[in-house]
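**Student:** Here is how the chains run, residue by residue.
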Amino acid sequence: MKDVFVGLDAEIPEGGRKVVVAEGVEIGVFRVDGGLLAWRNECPHQGGPVCQGRIMPGVEERLDGERKSLGIHYKAGSLVVVCPWHGYEFDIHTGAHEGLSSIRLAPHPVSVRNGEVFVGIRG
Amino acid sequence: MDARTPPPELPEIGPRTNSLDILAHGKAQAARRGFDRTFIVDVDSHIGESGNWPEVLKYIENDATREAAFTFGGGTGQGAFLNDIPGLQWQSAHGRIPHGSGLKEPAPDGLPKPVSLARRAMDALSLDYQVFFPNGLLFLGMHPVREMEVELATAYNRWIVEEVLPHEPRMKAMLYLPFNVPDAAEAMVKRFIGAPGVVGFLVTSTRYQAVHANEYMRTYAMLEEAGMPIGFHAHHNWHNEYTKQLNRFISMHALSFVLSNLVHLTNWVINGLPERFPKLKTIWIESGLAWVPFLMQRLDHEYLMRRSEAPLLKRLPSEYMREMFYTSQPMEAQNMKLLEGTFEAINAETQLLYASDWPHWDFDVPSTIFDLPFLSDTGRRNILGYNAARLFNLEVPARYGQMAAE
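If you're matching them up, the sequences are chains W and U in order. Just so we're aligned, residue 1 is where the first sequence starts under the working numbering, counting upward by one. Just so we're aligned, residue 1 is where the second sequence starts under the working numbering, counting upward by one.
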């Protein structure tokens with residue numbers, strides 16, 4: 001595993017990301033809840049550039065006490081990245097598809113040293 | 001690279017991103033799979049004629065209608081006489097899939113934008129030909145004014161033949177038949193048959209017209225005689241009594257793209273059109289594939305009990321259906337065993353045609369076919385290109401060598 005410098009820690013704001021081509025591998029580095037997570041920029045569906053899609057809250061359908069629908073709303077605390085090719089939504093925390101958790105983004109190790117961000121790539 | 005030089009960065013993909021960038025991963029897939037050695041025909045793509053609508057309107061032949069058209073859109077003609085409802089076009093999943101609301105990227109001047117965009121898609125996906133269809137006009141069969149379908153279809157067809165096709169020989173068109181007026185559909189075939197780049201004629205399936213009506217027989221006979229296929233292109237319809245019950249776009253989209261072709265294909269088979277026009281080739285477009293084995297089983301089951309209602313048939317309905325053509329997209333590929341069974345049922349290795357549906361939101365890249373684990377090499381190559389070459393009489397570039405076996 002080789003650590004590749006991808007940029008400065010300060011470059012990636014909370015809820016933001018940086019997508020880079022490091023050693024020929026496309027990787028998205030995301031910041032959520034203060035920490036960094038890195039995912040391969042390849043959707044497990046058809047190979048789309050998932051990390052270059054919209055970052056937005058996931059949604060939930062709310063029910064009242066009688067199980068009547070109150071409609072679809074943003075889910076508090078959630079953050080997904082949406083593959084721009086076909087709309088597959090992945091929880092940025094876990095890399096799992098919002099509707100079928102067995103569909104997952106490929107992770108990369110990410111570390112911060114002296115304010116610099118590195119991702120691990122298999123050599 | 002210096003250890004502290006940051007690597008190249010990739011931007012967010014948005015509504016105005018160049019389609020070469022949106023589809024960059026398609027190009028990478030093509031390189032990894034050697035698509036430069038694979039003949040690929042995309043049998044269902046779409047041009048955004050609505051973006052060029054003022055240019056189309058100039059071809060309206062009734063001068064009063066033509067002048068009236070340019071009273072719309074603040075005098076530009078944008079949107080004139082079209083019957084789609086912009087507020088119900090939720091294809092982009094409310095911005096989650098940017099290209100789902102249409103490609104808004106800049107294109108160079110001096111060339112019709114649909115040509116520039118088609119070239120980008122063909123380059124990115126390593127396509128040799130694209131057969132294309134309109135976009136907003138897929139609703140036109142539901143226009144409340146029958147004559148308007150004829151006027152707009154004529155203008156669209158003329159624009160395609162005179163302004164689009166001459167620029168790019170890799171683009172091929174199936175022209176629009178104004179099917180709600182049978183005489184006009186017949187006249188359209190007579191007028192445009194043989195035009196360079198025209199490889200067939202299109203019935204937009206979202207309409208309430210029975211395809212077996214006697215008024216269409218001369219049109220079918222002409223197409224059969226000319227060796228021109230007829231394609232039934234599905235679309236969504238949120239306005240019939242069944243789909244009006246569906247409260248989510250996903251539900252309406254999933255059902256209505258199939259529903260129209262279920263009805264039309266059933267009428268086509270049960271009324272014996274394949275016996276009446278045995279050489280007329282039919283293509284069922286953009287309904288996916290899972291519906292076909294369902295309908296085969298359903299019709300065979302009932303045919304054996306109620307043969308008296310389909311006396312023109314000499315074989316099981318499914319046998320006629322196995323001789324029709326189907327486009328692959330949107331290919332339901334969540335259950336590989338069922339998909340393999342579907343391919344066997346429809347005789348996919350000779351009858352299935354790869355289709356991308358680009359730039360629509362649920363498009364399929366060529367690797368969806370190329371990577372299927374159960375296809376023979378010949379079947380794979382047929383579906384990606386050679387079935388279409390035979391159907392549309394397309395020239396296969398010499399670099400690909402001999403056609404795959406029948």
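No lab work stands behind these hints: they were computed from the structure. Idealized CB from N, CA, C, for every residue including glycine. It cannot be assumed that every hint is accurate.
[Stated by the list, open to error] Only some residues are given here: those of chain W computed to face chain U with a beta carbon under 8 Å:
id: 1; residue: G47
id: 2; residue: L79
id: 3; residue: I103
[Said to hold, decoys possible] Which bits of chain U does chain W cover? Going by a derived footprint, with three or more residues having C-beta under 8 Å, they are:
id: 4; segment: 4-16
id: 5; segment: 207-219
id: 6; segment: 279-292
**Student:** A separate judgement is required for each hint: does it hold in the structure or not?
**Tutor:** A quick look at each hint next to the structure:
no.	hint	in the structure
1	G47	holds, 5 Å
2	L79	violated, 14 Å
3	I103	violated, 10 Å
4	4-16	holds (count 10)
5	207-219	violated (count 0)
6	279-292	violated (count 0)
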